[in-house]
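A.B. asks: Here is what each chain is made of, one letter per residue.
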Amino acid sequence: ETGVTQSPTHLIKTRGQQVTLRCSSQSGHNTVSWYQQALGQGPQFIFQYYREEENGRGNFPPRFSGLQFPNYSSELNVNALELDDSALYLCASSLAVGTGYEQYFGPGTRLTVT
Amino acid sequence: AQKVTQAQTEISVVEKEDVTLDCVYETRDTTYYLFWYKQPPSGELVFLIRRNSFDEQNEISGRYSWNFQKSTSSFNFTITASQVVDSAVYFCALSEGNTGFQKLVFGTGTRLLVSP
Chain E
363 ETGVTQSPTH LIKTRGQQVT LRCSSQSGHN TVSWYQQALG QGPQFIFQYY
413 REEENGRGNF PPRFSGLQFP NYSSELNVNA LELDDSALYL CASSLAVGTG
463 YEQYFGPGTR LTVT
Chain X
202 AQKVTQAQTE ISVVEKEDVT LDCVYETRDT TYYLFWYKQP PSGELVFLIR
252 RNSFDEQNEI SGRYSWNFQK STSSFNFTIT ASQVVDSAVY FCALSEGNTG
302 FQKLVFGTGT RLLVSP
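The listed protein sequences correspond, in order, to chains E and X.
For the record, in the first sequence the residue sitting at position 45 is 407 according to our numbering, with numbers rising by one throughout.
For the record, in the second sequence the residue sitting at position 98 is 299 according to our numbering, with numbers rising by one throughout.
Hints in this document: simulated from the structure, not taken from any laboratory.
All C-beta atoms, glycine included, are put in the ideal place defined by N, C-alpha and C.
Treat the hints with care, since some could be wrong.
[As the list claims (entries may be wrong)] Pulled from the structure, derived: some chain E residues nowhere near chain X, Cβ distances all over 12 angstroms:
1. Val381
2. Ser427
3. Glu437
4. Ala454
[Unchecked claim] Straight-line Cα separation of at most 20 angstroms, EDC-like style, residue types lysine to aspartate or glutamate; simulated pairs:
5. Lys239/X / Glu211/X
6. Lys239/X / Glu464/E
7. Lys271/X / Glu297/X
8. Lys204/X / Glu464/E
With the rest of the complex left out, here is chain X:
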């Protein structure tokens, strides 16, 4: 069965601090996809990144970076020099590759509070 664990319920940082959000996943499939979404107070989930199970390269996009390690089944997300606008709930999600349809399994989310 597939499962995503985000052990950090809430993180509070001061602006300009770096912060890492942890994500650990479980799946029996060898083909799968990992995602991060941001949910601001407005409620809409905003897509941030997708990674497939065959691509372990880390990715950087501006202040955001992602570290994918199959050996530890982790897909962690780091925000460098955090800003108040980064305050939101962040979800990690998993989709298995052999179901014939896309079912995203989400973690319970990590609420990030960035104060000025």
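For reference, chain E alone in the conformation it holds in the complex:
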């Protein structure tokens, strides 16, 4: 069984640029969530995708957007990067969309905005 994978591992971008992060969900999982983890903090929920649609969103501006593909993989796009966007971005997949299902996390993408 393949776990959650994310790419790239590290990324350095300049303020104002755009970035795309990618995630492949664990085999058999149809729901993908994205979290932002600033240094020394707990992860913050960005949004969740199910059946290729966003079905829940945290307190993040519209410049954070995403996609889910028919194979359940997902992308996180961030436009107009700001210095505060520097963080570890974690993708998690779960077996179904219900609130009680465990979420399994990938290794994350560390984004640095200069």
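Since the structure of chain E is provided, determine the placement of chain X on it from the hints.
C.D. replies: The following block gives chain X in isolation, referenced to the frame of chain E:
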């Protein structure tokens, strides 16, 4: 609003000591789920346990045990006979049951350092 508080920022113990990590949560829902995750230096969050609000039974898994008390809104995690490999940041998280989607709300984490 939902909130998770992990008041212990960092705990240092010597190998073989027992250690308890505290977690206090706030929610208005009667249906909710509590989780513990481990984050080693590699960065990947590792799922440890899930508990729903209707199941207050304590759970033991090897050296790990969890104590869920609704009366005090706490879900504490104890490691017995700690080992160096237990060194990591541990997160407690809450998910409310009536949102239609799963949003994990995490605490700020407790860094556990186990020295030989």
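A.B. asks: Hints first: check each against the structure and report whether it holds.
C.D. replies: Outcome of the hint check:
no.: 1; hint: Val381; result: holds, 18 angstroms
no.: 2; hint: Ser427; result: holds, 17 angstroms
no.: 3; hint: Glu437; result: holds, 18 angstroms
no.: 4; hint: Ala454; result: violated, 8 angstroms
no.: 5; hint: Lys239/X / Glu211/X; result: holds, 14 angstroms
no.: 6; hint: Lys239/X / Glu464/E; result: holds, 14 angstroms
no.: 7; hint: Lys271/X / Glu297/X; result: holds, 15 angstroms
no.: 8; hint: Lys204/X / Glu464/E; result: holds, 19 angstroms
Of the numbered hints stated above, the single one contradicted by the structure is hint 4.
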